[in-house]
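Visitor: Given these sequences and hints, build the entire structure.
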Amino acid sequence: MKHLVMRREAVLVLLLLVEMAAMQSLSPLFLTPDNLIEVVRQSAEIGLIALAMTLVIITAGIDLSVGSIVGLSVITMGMLWEDARLPLSLSVLLALMVGTLLGGFNGTLITTVGIPPLIVTLATMAGFRGIALGMSQARSIRNFPEPFLWLGQGYVADIPVQVWILALTAVLFHLALTRTAWGRSVFSIGANEAAARLSGVPVNRVKMQVYMLSGFMSALAAVIYAAHVSVAKPDAGLGFELTAITAVVLGGTAVSGGEGGVLGTLIALLMVGFLRSGLTLARVPSEAQDMMVGLLLIVVVAIDRWSRRAGGV
Amino acid sequence: MISKRISPTRFALWRQYGREMSVGVFLLLLLGYFGTTPGFLRADNLRDILINAAPLVIAACGMTMVIIAGMIDISAGSALAVCAVVAGLTAKSGASLPTVILLPMLTGAVIGAVNGWLVAFVRIPAIIVTLGMMSVLRGGIIWWTRGEWIGNLPPSFSAVGRGEVVGIPTPVLVAVGIVVAIAFLLARTPLGRHIYAVGGNPLAAARMGIPVRRVLWLVFVMHGALLGLSALVYASRFSVIQSNAGAGFELLAISAVVVGGVNIFGGQGTVWGSAIGGLLLQVISTGLIFRRVSEYWAPSVQGALVLLAVVADALRTRRARR
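Top to bottom, those sequences are chains A and B.
Read left to right, the first sequence gives residues 1440 to 1752 (the numbering used here).
Read left to right, the second sequence gives residues 269 to 590 (the numbering used here).
Just so you know, the hints here were simulated from the structure itself, not pulled from any lab data.
Since this is a predicted model, take the numbers as computed values, not measurements.
Hints are supplied without guarantee of correctness; some may be wrong.
[To be verified] Label-pair ranges, simulated between beta-carbon atoms:
#1 B:284 / A:1719: 50 to 58 Å
#2 A:1677 / B:427: 35 to 43 Å
#3 A:1633 / B:457: 34 to 42 Å
#4 B:381 / A:1586: 53 to 61 Å
#5 A:1454 / B:423: 49 to 57 Å
#6 B:360 / A:1586: 52 to 60 Å
#7 A:1540 / B:360: 48 to 56 Å
#8 B:576 / A:1579: 28 to 36 Å
We treat Cβ as the ideally placed atom computed from N, Cα and C, and that holds for glycine.
Guide: Pasting the structure below:
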């Protein structure tokens, strides 16, 4: 299985290079350091979510509520800061806690009550968004102080801050997934939950942790996103779940669980980012880009299915 | 479960339709609750609720089959928009009424056929297929219409949505007809029994010689055609059609089905339940407007309702197992 995963990632890197060459031929502005760094910066927030989504999908679950958790935690942060007059740093911490708790709410319904993740997070996707909109009456909060905006707009050694955060988190996720007992239990739950339970894996606890992690990463992405666009609004993160899931599945993590990794997710994230950036430079409207990203998802998974069947897997 | 559906005994009514009846009771309680607001229980308001619920109930019938078969479709809202635009453009081109009715249904059936082919024959999980299809269809329709609204619809088109037959509004009549037809299909035909069998246990169904893939594919095609009809009823009530029509509609349809007691694991449930579920959602939505609750809260109420229904079902089945 290991070499299969590695082969998949090699194919992805190859695809990425082909794509970059194609985009360069579309627009000479594409392969400039400024543009490439900008693409990575644009992808960073969703990338953080996609990392946690990778773990969720490896356990054979799904989390459709991430975009709404972004909206609810960012507006919580904004309102705590502006209305409750809390220090911004404390508001950020509380927003991260709220995100984690929302993930825990999903996790409880999935593990303790035993409702499928798809239904739980479909319902909380609507529920959390509704609370965010209702609580704030759809207003947005601006005028954040300069030091906060640095999180989303600043640079360290010519690399945007959020790219550093993404890279660091990705390394942590990769190590946790491949080098620890916890990571192995995540895989074993996705491969065969009943067998994992029988062999002593604390299935419910690990799944709970995975969904809480998903909530936490969504809130972290929310905070960075607010600093990036200088505004906290309750409809932030709309549609993030789609891009995150696309990156994970495109990156070779099996929706049926038990297989995959964060490396593939990151490469796929860049593929989607570069595709959008290249198409934007070529003046393709964003609706047509949405269409192509959706097609890309279906086509890549279809090819994957066919090649597996041909290979007898 | 299947045998229970086929041979109901005289005393089994509660056991057979208990879940549907409890949603019905909940609906009556809600009507009583909102009924304390002046004007809510007036005949014309109740009539409006029925008309507004019609597209949802029609779509929920298709979604019921999809979920009973153990599948899901989250591209339904985008498909609705595509079919609504097709309906509007067909009507504007001056086509005859049968064409205006059939073309959106055909469009929906083709979308369903593609979804169904990818799910049943290419064997991609339904959640991935329809997630991708959601952005393909939505992006495609906004691109195609350039985000413009379709206006100047001919009066004959609006007559479909606003007309009435012997005093009953056409949308309500169509919805009732569809509910009865799908209920018959599910309960009284071999195809219906196959759908329950495929959703209940696909492996066992295949061993019994049921053509599992063809059944799944057919379910998606029928669901697509019903979405087309739903889009027609939906679009013909307004004077313009927007390309962002039906955003979030997939969740509404799934909510109606789940609240109506269809088992989310597949293999169990009826279209009666889904119809009552759809009506319930519409009553709540209208009721909240009468109570002057800000519309921003509406999604949370809907999400909470779905969770309430599935948690209750989960606890009930757990108790039954003991």
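Visitor: Take the hints in turn and mark each one as holding or not.
Guide: Now the hints, each set against the structure:
Under the hint 50 to 58 Å, the C-beta atoms of residue 284 (chain B) and residue 1719 (chain A), about 57 Å apart, fit the expected range. At roughly 36 Å, the beta-carbon separation of residue 1677 (chain A) and residue 427 (chain B) lies within the given 35 to 43 Å, and the hint holds. Taken as a hint, the range 34 to 42 Å holds for the pair residue 1633 (chain A) and residue 457 (chain B), whose Cβ atoms sit roughly 36 Å apart. The beta-carbon spacing between residue 381 (chain B) and residue 1586 (chain A), approximately 56 Å, falls within the hinted interval of 53 to 61 Å.
Separated by about 53 Å at the C-beta atoms, residue 1454 (chain A) and residue 423 (chain B) satisfy the suggested range of 49 to 57 Å. Checked against the hint of 52 to 60 Å, the pair residue 360 (chain B) and residue 1586 (chain A) passes, with Cβ atoms roughly 56 Å apart. The hint said 48 to 56 Å for the Cβ distance between residue 1540 (chain A) and residue 360 (chain B), and at roughly 51 Å that hint holds. Restraint check, residue 576 (chain B) to residue 1579 (chain A): a C-beta distance of roughly 31 Å satisfies the suggested window 28 to 36 Å.
In summary, this structure violates none of the numbered hints.
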